[in-house]
Amino acid sequence: NAGVMQNPRHLVRRRGQEARLRCSPMKGHSHVYWYRQLPEEGLKFMVYLQKENIIDESGMPKERFSAEFPKEGPSILRIQQVVRGDSAAYFCASSPGGTTNSPLHFGNGTRLTVT
Amino acid sequence: ILNVEQSPQSLHVQEGDSTNFTCSFPSSNFYALHWYRWETAKSPEALFVMTLNGDEKKKGRISATLNTKEGYSYLYIKGSQPEDSATYLCAFRSNDYKLSFGAGTTVTVRA
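So the sequence lines, in the order shown, correspond to chains W and S.
Here the numbering used here is used: position 85 in the first sequence is 161, and no number is missing along the way.
Here the numbering used here is used: position 84 in the second sequence is 86, and no number is missing along the way.
Hint data in this document are derived by calculation from the structure and do not stem from the laboratory.
Only a predicted model underlies this, so the values are computations on that prediction, with no experimental measurement involved.
Please note that a few of the clues may not be correct.
Said to hold, decoys possible - Taking beta-carbon pairs under 10 angstroms as the criterion, some of the chain S residues facing chain W (in silico): (1) V15; (2) G18; (3) Y33; (4) W37; (5) Y38; (6) L49; (7) G56; (8) A93.
As the list claims (entries may be wrong) - Derived lysine-lysine pairs resembling DSS-like cross-links, with alpha carbons at most 30 angstroms apart: (9) S:K44 to W:K120; (10) S:K44 to S:K60; (11) W:K120 to S:K59.
Claimed, not checked - Computed Cβ-Cβ distance ranges for the label pairs, DEER-style: (12) W:E94 to S:Q83: 40 to 48 angstroms; (13) W:R140 to S:A43: 22 to 30 angstroms; (14) W:E94 to S:N22: 39 to 47 angstroms; (15) W:V159 to S:T24: 34 to 42 angstroms; (16) S:Q83 to W:R91: 40 to 48 angstroms; (17) W:G149 to S:T24: 37 to 45 angstroms; (18) S:E72 to W:R98: 35 to 43 angstroms; (19) W:H86 to S:P10: 30 to 38 angstroms; (20) S:G81 to W:V159: 43 to 51 angstroms.
Idealized CB from N, CA, C, for every residue including glycine.
Construct the entire structure; sequences and hints are all you get.
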C-alpha cells in the first residue's frame, strides 16, 4: 500500500524559474491538500482539491501560484517566477473524501530552495 | 483565517515523567479536531480524530480530551519515553471542511 508520494524530495531553483511539485495521493483517495511550512513556522493551508476541481484555494497567493488535480495523474503545485521567499517545505496530504472524518495522510514533502 | 493555537511551543520532559499540552481553537463551526505526531525527517502521522464534545481517545500511552464548547483539547503522554520526542500538531476542521493547523508543541524526552 503506497502512501502519499511527493516528488521531487528536494528542488533547487534560481529566482525567476518555475517550480513544479507533484503529489500522488494514496490509492482510493480523491481529495488532496497542499500545505506550506516556512522556516520556524507551522503548516499553512494553501489549497484543497478534488479530482478536476479546486474546492478551496484561499490560502494560496493569488499570483504565481496555481494547483491542479487532473482526472488522470498526480496533483501539481506550480510556482512561476520563484522568489527567495518561496523557499519552504511543501507538503501534500490526501483523504478519501471531504465529508468524512478520516485523518489526512501526508507525503514526505518537497523542500524547495530558491537561490 | 482560523486561529488554532498550541501551547507551550516546546517542552522538555524527563524519561518516565508524564506531560500534557494544549490546543485551542474556535468554538463555533466545529466539525472535528485532529492530532498528528511529526517526527524529524518524517511526515505527520495521525494520532486521533475527535468529533464529539467530551470525547476522549487513547492510543497506548497517549490520550486526548476534547471540549468543543470552550474550544480546547489536551494531549497527554504518560510515562514519556525517548521515542515520544516529536512535534505534536493539532488541526481544527470547520464546517467548510478546511483543516487549519496549529504551530505545534515540540516534545523532547531526556533519557
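Hints and how they fare:
no. : hint                                : verdict
1   : V15                                 : violated, 21 angstroms
2   : G18                                 : violated, 29 angstroms
3   : Y33                                 : holds, 8 angstroms
4   : W37                                 : holds, 9 angstroms
5   : Y38                                 : holds, 7 angstroms
6   : L49                                 : holds, 8 angstroms
7   : G56                                 : violated, 16 angstroms
8   : A93                                 : holds, 8 angstroms
9   : S:K44 to W:K120                     : holds, 17 angstroms
10  : S:K44 to S:K60                      : holds, 23 angstroms
11  : W:K120 to S:K59                     : holds, 26 angstroms
12  : W:E94 to S:Q83: 40 to 48 angstroms  : holds, 45 angstroms
13  : W:R140 to S:A43: 22 to 30 angstroms : holds, 29 angstroms
14  : W:E94 to S:N22: 39 to 47 angstroms  : holds, 45 angstroms
15  : W:V159 to S:T24: 34 to 42 angstroms : holds, 36 angstroms
16  : S:Q83 to W:R91: 40 to 48 angstroms  : holds, 45 angstroms
17  : W:G149 to S:T24: 37 to 45 angstroms : holds, 41 angstroms
18  : S:E72 to W:R98: 35 to 43 angstroms  : holds, 41 angstroms
19  : W:H86 to S:P10: 30 to 38 angstroms  : holds, 31 angstroms
20  : S:G81 to W:V159: 43 to 51 angstroms : holds, 47 angstroms
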